[in-house]
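Chemist: I would like the entire structure built from these sequences, with the hints used as guidance.
Chains as they are written, first to last, in our numbering: chain A, 1 to 686; chain B, 1 to 330.
By construction, these hints were calculated from the structure, which means they are not laboratory data. Hints are not guaranteed to be accurate.
Unchecked claim - So the derived list for chain A, only partly shown, Cβ under 8 Å to chain B, looks like this:
#, residue
1, Asn2
2, Asp87
3, Gln89
4, Phe90
5, Val92
6, Pro95
From the three backbone atoms N, C-alpha and C, an ideal C-beta is built for every residue, glycine too.
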Amino acid sequence: MNLIIHIFLKDARHLWREIAVSFALVATYGGNVPYSWAHPGVRGVELSFAGAFFGAQFWARLLVVLVPLAWAFTVIRVIQSESLVGDRQFWVTRPYDWRQLLAAKLLFILVFVNLPMFVLDLFLLSKADFTPLRYLAGLFWMQLLMTIILLLPMAALAAVTATVVQLLLTLLVIVLYLVGSSALEQHLPASSFTSTDPLPTILMIATPFAVIALQYARRRTAWARLLILGLMGALVLISVAAPYRTLIHRQYPPPKIGEQSPFQLGLGQNPGLWQRGSIPDPKEAGIVLPLTISRADPDSILIMKGSRVELDGPNGEHWDAGWISMNSINLLPGENLFSVNFAMPRSLYDRLIDSPIELRVTLAFAYFQDANRRKFVVPNGTFSLPEAGLCSAMPIEPPTQPGFTPMISCLAPMHRPTSLLLTLKLAESTCPLPQGQPALPLDSVGRGWIESSESPAEFGISPVSQFELAPFTFSNVPSYPDGAVRPLTGICPGTPLTLSNPHMVGDTQFTQALAGFHLPDSQKSIPTGLSSGTRPGFGERPSRLSCAPIQCESCSGRPVPILKKGNTIRFWPRGELGPGYRECVRPRHRQVPRGASVDRAGTAPPCVRSGGGYRSAASFPIADAISGSRPAARSACRSGCRVPRRPGSGRRDARTAWVRKGSPVGRLRPQIARAAVYETGPVRAE
Amino acid sequence: MTNAAIRTENLSKQFKKVEALRNLNLTVPDGAVYALVGPNGAGKTTAIKILMNIFGATFGRAEVLGIDSSRLRGRLLSSIGYVSENQEVPDWMRVGVFFAYLRPFYPTWDRDLEKELVRQFDLPLDRKLRDLSRGMRMKAALASSLAYHPKLIVLDEPFTGLDPLVRDELIQGLLDRAEESTILISSHDLAEVETFASHVGYLENGQVRFSEELTSLVDRFREVELTFETPPALPKAAPETWLELSASAAVIRFIESRFDPGQTNRHIRSVFGETRDVTFTPMSLRSIFLAMAKAGRERAETASEPSTTSVAKTSGGAESSGMDGEEARS
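Modeler: Structure, rendered in structure tokens:
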């Protein structure tokens, strides 16, 4: 024990700078978080790492990344201070016992990483008016997650590298590996909604342990590195060789034979076409299949995970699209419409285009049943909301920001509510209506759902989760007559709400045959390119509004609606692209993959009769990203009108001309490539 | 296995395609000051690193203080001191802190000896190791390896790049403690080694060419100068123990690597007949080393020729004492 302390003290003396920086960052973070609670409009720091870079106060959000980075760096430095790689280290010929050395390193990490995090968490909990001792289990869970997800892999990498530079290069290789893996997974759509656990998780946890033990006990660096390479190979192998159909069948069991399914599928109107990527594949035809689902319990929530479409032609043709991910589309009560997209062989498409075919659609989804419904009137000031934490109804700063909805801001200990559904009759809202807004009808309803894992705590460095309760989806909401941008009504003190806790009934799959389906005609169906709306890395949506119809003025003169309803407006942080830039995202049930073109199911594009010029613009990824925006639509329209499609060269020519002419797309290309952005346009509620 | 601080048996080490050690058989007697010499790339450092369990052997085994070297770790290292020319020390530490840090690891650490070594080596306790000159750093490393009365001291090229004064100080420091320890030292500095080594082993191409007491080695090598009445022709066949045979006018010179007055004279008479004068001159270790190195190089060149038999093969099983390699070949 003496030697453990002795080595520990040596490391503490050696790494005092790293320790000091880490403490300073923790202290700054600890000071910043309560500030962000007091100023919810700032929202300085979130629990989640993802999207941390996109915030009003960049430096404050940076702390969410910097603090774990400082911890990781400290771990790397302490492990490498007695490097396990090489044959020149003085300590390998000194009477170090590897167990004592390892114990000293663990003690160091415990004291200078885990303990500060624990103290920080206790401080934040008490600052948020929670009793820290009630959440010890969650706090230890957070420590465990941080150790397994961040510290342990870093320690393993430090154990097989001699210097920080070597480690950074190794991390670069791992990043490239992850990029390659995710590219590979795009060819395995089922892998995104099917879990091959527990094997990968066990391997990912066991390998760092094995690497560290092997290095400390034997210093067999080559073997340890092989273990890491083996893990990387095994994970790829598992994802490639996993029997996804069996796994899906096990994870999403179908109803028992003879059991009445509580769901009923129906064909939506106007199926459309889409294409994968910017260059059309002549060998495939992309189909957008709008569907409606009705359920026996209208208050249930469905999270659509995956779909599988099988076709049966009149001449015995059979084709199976296989399982395709649906990116967890949420269908809240009142939402029934969604679409399934698949790509089929062009030759089969051409054979079946004129014949009615039978579709067999299988959906894999999670099914939630509403429960514990109760009325709740929002009090003044701060109030305790069971299962949500401490909340208050307060205006979001700045209050004049168009499009924001008054809502409830909450602080929850350890994690957000496991499942909390909020239903608001908009007419009952006590928030003052914006000037000029007509009174909302009695049946207009807004809903918001928050869910999180049931684990004792979420992964992160703060045990206090800040989130907003607000209606995110609306039904029976009329449009503004003038199409102006105005906030909807929201939640203010005195507003009566209906709260409930939908509980998960289970994962299931459901198959239904749909006869008499006609494939959409590519000559009649006009691709437009509304993109899938949800992109990772952006902050939570503060409100959800509808985009008003945009008219194509330079074409036939016939007003053509670009966006119909239900699109989500996401505000970009000021300073990123300037105020007023917003992202228009289609609601989940209307999302189609990037590059998709949808006709009346989503959009009736402009320049329908322009000879196909717009197609080339629509097939361009950037155009996909921004389609629906006023300037882009106009630009695309102009381009389409001026550059009609010429056989054999239309697409590329039109695209090049369009960008070269300095269209808004061309000018905004760098930004737009990152996300769908458009300038503030007419937005109104329906 | 008795009375040997270090013993290796057919120790081999392969680095990918490079065979660094080939069936190394080496015995370092207890209490000896054993100098392991050899040209660059002979395998000295590799052998020492295997002995210290820094590397694992590809084949064969080694015992250090009666313990299998592959098990040498932790407490077992508390009676061994190891200093290497390119060892990475915690250079952020001050010299005094370095000693203080090492102290608890060694139950036999002698504070008085530490102070004595600090005084003897004139070590600045308040300076960081990174700020020390190479010589001072080497002295600090040696002092930190002597202060606990190790039974075995292993030094890998400790004198490389040091000025003569520092070398003297290091050697003196070593000699002062030579009685209580076995010392294994690999070095190129043959003049220094000759002044204090009791045994010497010559390593070449990963094999021991000879390993014996220094006095017996020096007795065994002689520069021989033969003077004739008329210039003689170089003999077509000469004993393999004669190295660097050369003729100059009426004088023939060579190095006898297995000198025995009677035997050598008989060989001279049988090869040359009568000579006017015969002179035997004792050789320094450096001269012996150079002669051996040159002979080794010639053997390697001969071995690389397709028609000749590999020297390595003929001498592969050479024992670790005497001129076994040469004898095997002859």
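Chemist: Hey, does the Gln89/A contact hint survive, CB to chain B under 8 Å?
Modeler: OK, holds: Gln89/A within 8 Å of chain B, min 5 Å.
Chemist: Under 8 Å, Cβ to Cβ, is where Phe90/A needs to be relative to chain B, so tell me if that hint holds or is violated.
Modeler: 5 Å, holds
Chemist: Under the criterion of a CB-CB separation shorter than 8 Å, is Asp87/A in contact with chain B as hinted?
Modeler: Hint holds; Asp87/A Cβ to chain B Cβ min 5 Å, cut 8 Å.
Chemist: For the hint on Asn2/A, does the least C-beta distance to chain B fall short of 8 Å?
Modeler: 6 Å, holds
Chemist: Does the nearest C-beta of chain B fall within a distance shorter than 8 Å of the C-beta of Val92/A?
Modeler: 6 Å, holds
Chemist: Using Cβ atoms only, decide whether Pro95/A comes closer than 8 Å to chain B, and label the hint accordingly.
Modeler: With a closest approach of 4 Å, the Pro95/A hint holds.
Of the numbered hints given earlier, the model fails none.
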